[in-house]
Amino acid sequence: RGNAFPLSSSRYLLCASGDFVKMYSLATEETLRLMGGHADLVTGIQLNPHNRMQLYSSSLDGSIKLWDFMDGIPIKTFTVGSKLLALYTPASFEDSVFAVIPKSGERDTFQLVSIKLTKAAGQDLEAKELSVVLDDVDVSPKRIAFGREGEYVASVKEVNLQVYFFKRKQLNRFSVSAVKTKSGNNHFTCIACHPKEDCIATGHADGKIRLWRNFYHKKEYTFSTLHWHHDAVMDLAFSIEGTNLLSGGVESVLVLWHNESDCQKDFLPRLGSAIEYISMSPDGALCCTLHTDNRITIINSNLRFSKSIQGLIKSTDVKTGLVVDPRTKALVLNGEPGHLQFYCLQSDQQLFSLDIVQRQYIHQAGLSQADLVKVAFGAQGKWLATVEEREDVTDPELQLKLWCYDDKTQSFKLNTRINMPHDGHITDLCFRDMDESEEDSLILVTAGRDCVFKVWVMVEDTDPDAQQSVSWSCDFVGSYHNYQATNCCFSEDGSLLAVSFEETVTVWDSVTWDLKCTFCHPPGKIRSICFGRLTCSKYLIGATDYGFLCCWNLLTCALEWSAYLNVLVLQPDPLSEHIAAVSWLSKESSLFVFKPNEPRPIYIQRNLCKEKIQLAAFVPRDEPETIGSEKHCWLRRSQLFFLTDMQELMTLSTKSLEERLTASSKQLAVEESLPMTPFSLLLGKHRHQQSQEDLDLGKLVAHNTHEQDSPAVKELLHTPAHVLPSASFLCPVFINSLLISKNNKSAEEVDDEVEMESEKTEDDSDEERDVTEMEQEDTNPMELLGEVTYKLSKSQEKELRKIRKMDYSWISAF
Amino acid sequence: MATYKPVVVPAFPKLGEKITQDTLYWRGYKTPVQIKEFGAVNKIDFSPVPPYNYAVTASSRIHIYGRYSQEPIKTFSRFKDAAYCATYRDDGNLLVAGSEEGSIRLFDISGRAPLRQFDGHTKAVHVVGFLSDKYRIFSGGDDYSSSLWDIPSATEIVSYSEHTDYVRCGCASKVNADVFITGSYDHTVKLFDARTKSSVMTIEHGQPVESVLLFPSGGLLVSAGGRYVKVWDVLKGGQLLVSLKNHHKTVTCLCLNSSGQRLLSGSLDRHVKIYSTTSYKIVHSFNYATSILSLAMSPQDETIVVGMTNGVLNVKHRKPEESKEKSGKKRQPTYRTYVKGRTYMPKQEDFCVSKPVKRVLRKYDKLLKSFQSSKALDAVLEPPIRLYTPEVTVAVMQELHRRGTLRSALAGRDEKQINLLLTFVARRVIEPRFTPVLVTVADMITDIYQPVVGQSAIVDRQFLRLQEAVGKEIDYQEELLEVLGMMDTLFATFTTKKSTYLEENQSNGLTETIETNRNN
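Protein chains in written order, with UniProt numbering: chain F, 1 to 814; chain W, 1 to 520.
Don't take every hint at face value.
In the DSS-like style, the derived pairs of lysine-lysine whose C-alpha atoms are separated by at most 27 Å in a straight line are [what the hints assert, rightly or not]:
hint, chain 1, residue 1, chain 2, residue 2
1, W, K249, W, K197
2, F, K307, W, K5
3, F, K525, F, K538
4, W, K375, F, K265
5, F, K265, W, K366
6, F, K319, W, K5
7, F, K103, F, K128
Everything labelled a hint here was simulated from the structure, so no lab data went into it.
Please take these sequences and the hints and turn them into a complete structure.
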């Protein structure tokens, strides 16, 4: 959902992202402001040509909003009524803007209309004065452009170019002959108008750029062709003075054409991924490109790479699965082609991107290139195993790479590379996760389609002159009746290895590599397997193709229970005995959480989402969260994340809606508004249980008071330094916030003392006084309570005291 | 923004012998000089003083050779029967030798007639040597006795008759003038102290002891007998440190290099093995034409002399160290130019402009960077790359294939270039590490140039060569499969475990690819 984004001055960058408009600082690449208010996707943003500090945004919800983006407040909202698909604000039109709307009554035809914006006072206005300018235009905002000083508007669709002159009210149509060549047809893909001259540049699907002149005449028009791109031209932009033309495409090369001539051009190659949008800053000093992989690159005017803003890279297919790096707790998945991205969930940032394939990626359609298919981390994150594969009919390439974490450089270093570890596709790999840091106990198992699983062990190199002391080599090859190995999994203590061969699960001793026993549940192939953990480590869970979830007891070698459930994802929590199973039942995904020792799930969430869930991962929390509700206690130690086949990352939250909004609305906003990968938070549908609230009332109140004083600090810590007021201004606020919390504490301490001595001498803050007043007022209950408390434990005492405090505030309201 | 990533040339593990510092060092000896003696060479001993002449005992003569002389510079031939174990004294002036008739003779290096003769052994004396005080001689004979002799008076000081079989080897301690050891065919090594009446220590070797050696420190003792070389800790009362079984015939001689870091053992199996004395692992080994009886290294490790059973003396000299002057000939810039500007410390107000580090790309990488496939292929077909680093050529071919431009890079070449390509492919296609890529290349070449077959004799010949190479490889693989099958049956009779699936599969796959190629 990337959108065009104008650059405002050379300090800020504005970008439409989902339902929001984001403002980034160019100096620090941080998100400064998030402007939300539209109810649907934002389709276009344009600076107000008459006031550089204002911004128009249009959305599918049929409204245009005018923002003051420096303060992030909406000034006006114009309701248009129909869906708005693109927005243009040429400078020469005083009070109207242009937008693309669907033609009423017809499907898939769109028209460009001019919308008169009334100057009336008030926030919410109606803008119903629409006049059609051009009929039959394309949806894409890149295919309409306004000419010099708003004299004409040009639009392209398929092989037709139409230019409408506002003054003469004349419409000229031109078309190029539809030619199909090897590299594609010559449909128009984008258009840009020269800012000073009468010249239109159009990009074509076959990689050509045409420069049109003399288009006042229907017959005597001329055009010249520039050709460098081998694939479709994705976007074009003229520099502010019109001397240069920028173009970009799938090749991920930004081309700068000087003076519209074919021979003079400069390149900025290897920008990472295909260029979708190009835009120039109003002062012409910077240029930025938006890429298909959710990245914005900022480029200097002398065509030097300057900065990039990177979100979660959305790759077309997450083959690696969701893996959690034990070291950084970051989510690890496919990033750029051939790279592994480490994505920090807390800060919504890409921590780093590890180049696994280490080969030049050729941006060319239809080329099969090596990509990452499997990733596994060893215990403590010291070792990383990756599998890269190139699908090719004649000679497929397959490489297993083992990376060792280097503490000195703080990154992974290639240790061993194994060519063709299996004769076929590798279906699964796993490390033996031992808690002890014994190096030699680390074992890697790979399962392949060539009907074997292989065990890899570390070998110490005896030669002292060798560059590295350890390397990996194959130790054991196991097979079972020539069936394809599909999954492998180690038990928690590492003594057993389970490998599934099509319909059968085999269990192997990891010391002697003897086959211990086999399980199967016909019919249906095994889709995934996992061992139970902690108290349930004697169970082995398997999910089959025909919709059965089976649990085998490893001690009796018998089926413990089975359930009819079409399980797509089976994910054990590494920190508890819970196992999450995501099933796909008639167009909706459901989540079941269960313990292997009992067949009844402890948590069911029906209708999790409409899409198929592809992957899931448990991410350990930094500190166990206190969760009151029994239903959610399985989320105490770790958090569950899902990835759907629409490449949306979701999580399950335990807090109820209102609590979230009051206490951490800020956090919520940030989490919800990831660019392009809407981090859809599943706001739990469970009502906050009233009775439970009553029970924990004291605790909650205490929590809230803490929350109340934290925003100042929070803001201080979260805003970038350069936008903060001077330190001298902030200092008192900050110190005050600290003081209050300390006072609270001392109040409590004094509270204790008061209870014992019924006397207060030292402190004089307001709050303190209140507390003591309360003490004096409610002497009776206090005495009563005091008597009780002597018999109660300390923690209960504290609780009671809190309740008392609470009581007082409630009284004072009267 | 990413920079261009050069083509990764995959490194393949080197099979066979690993090149270590040791192999390089031990290979630094010239091709041996062969000298024919009259009989089996039973002892070689280097003079401890320059110019490091060496005494070779063979048959009834003792020859003394200079460092580079092919002819003996001196001969002692006053023996009626075989002479044994001619050994230099520490100062290099005296030489002592035992003999078959039982007498021990002491020679002056400059003289000819023996200075002293010690009679007392009733049978052949196979081992004699000086104690480190220079005035006494120890000896061991086939009469099972070991004796100590005084040089000035030519009398026997003491005689020990503790061995129960022939005494065939011995060695004196360099640290203590009273201590010497003898090894015997009764499987024991005994340590004697001249001050006591009986042996101080007895070590059970387990096989007839052929050779013993004391480390310069005197703390470690090495004994060789049977196929074993054993190292004992004398100070711990004769505890076995390590037992080495690397020869497949009797080990006959031992020797230390000058630093004591390496132990050499010669054996009847025609090998000299070199061990590291820290890890006791073999670091190198030499191969000789016949069984080895004796072995010695010169004090500066300049020369290794090996004596064989057939009387051939094999002398290896170390190559002179290559002087580094040649490379130093190019005049370096003067020191002043070199340090110019480098010592300047930037001041606080200075604005430092760092120069971007320029990455040097290989020629083929430059061409690949600019998508010039044909030229990149040309670049890696240049003689030095093609001949010495074929893996680079193959890696670039693979990269081109990955980019989908290999076919166009291979196409449109003239006779000479096709000849070159086909020669390369035919030569390398059978190497397992290149096979997958080169089979594809060969496939494409045959496809592209099929229409022009028959127009050029040179190209036709190359195609035939390619066919021949592939055919040979197929025959070879078939043979290997047969051998594997035979081995499988053999293994099946021995063990019940089955673990040979993998190898079979691999070789099958290889044959298949080659067969598909031939079909094309």
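Report task. Measure nothing beyond the straight line between the CA atoms of K103 of chain F and K128 of chain F; if it is 27 Å or shorter, mark the hint as holding. Result -> holds (15 Å)
Requested in this report: Below or equal to 27 Å on CA atoms is what counts here, so check K375 of chain W against K265 of chain F.
Outcome: holds (23 Å)
Report task. For the pair we were handed, K249 of chain W and K197 of chain W, check the Cα-Cα distance against 27 Å. Result -> violated (36 Å)
Query raised in the report: For the pair supplied as a hint, K319 of chain F and K5 of chain W, is the alpha-carbon distance within the 27 Å limit?
Result: holds (24 Å)
Query raised in the report: If you draw a straight line from the CA of K525 of chain F to the CA of K538 of chain F, is it 27 Å or shorter?
Result: holds (22 Å)
Report task. Take a quick look at whether K265 of chain F and K366 of chain W sit within 27 Å of each other, Cα to Cα. Result -> holds (20 Å)
Report task. Assess, step by step, whether the Cα of K307 of chain F is no farther than 27 Å from the Cα of K5 of chain W, and give holds or violated. Result -> holds (20 Å)
When held up to the earlier numbered hints, the structure conflicts with hint 1 and nothing else.
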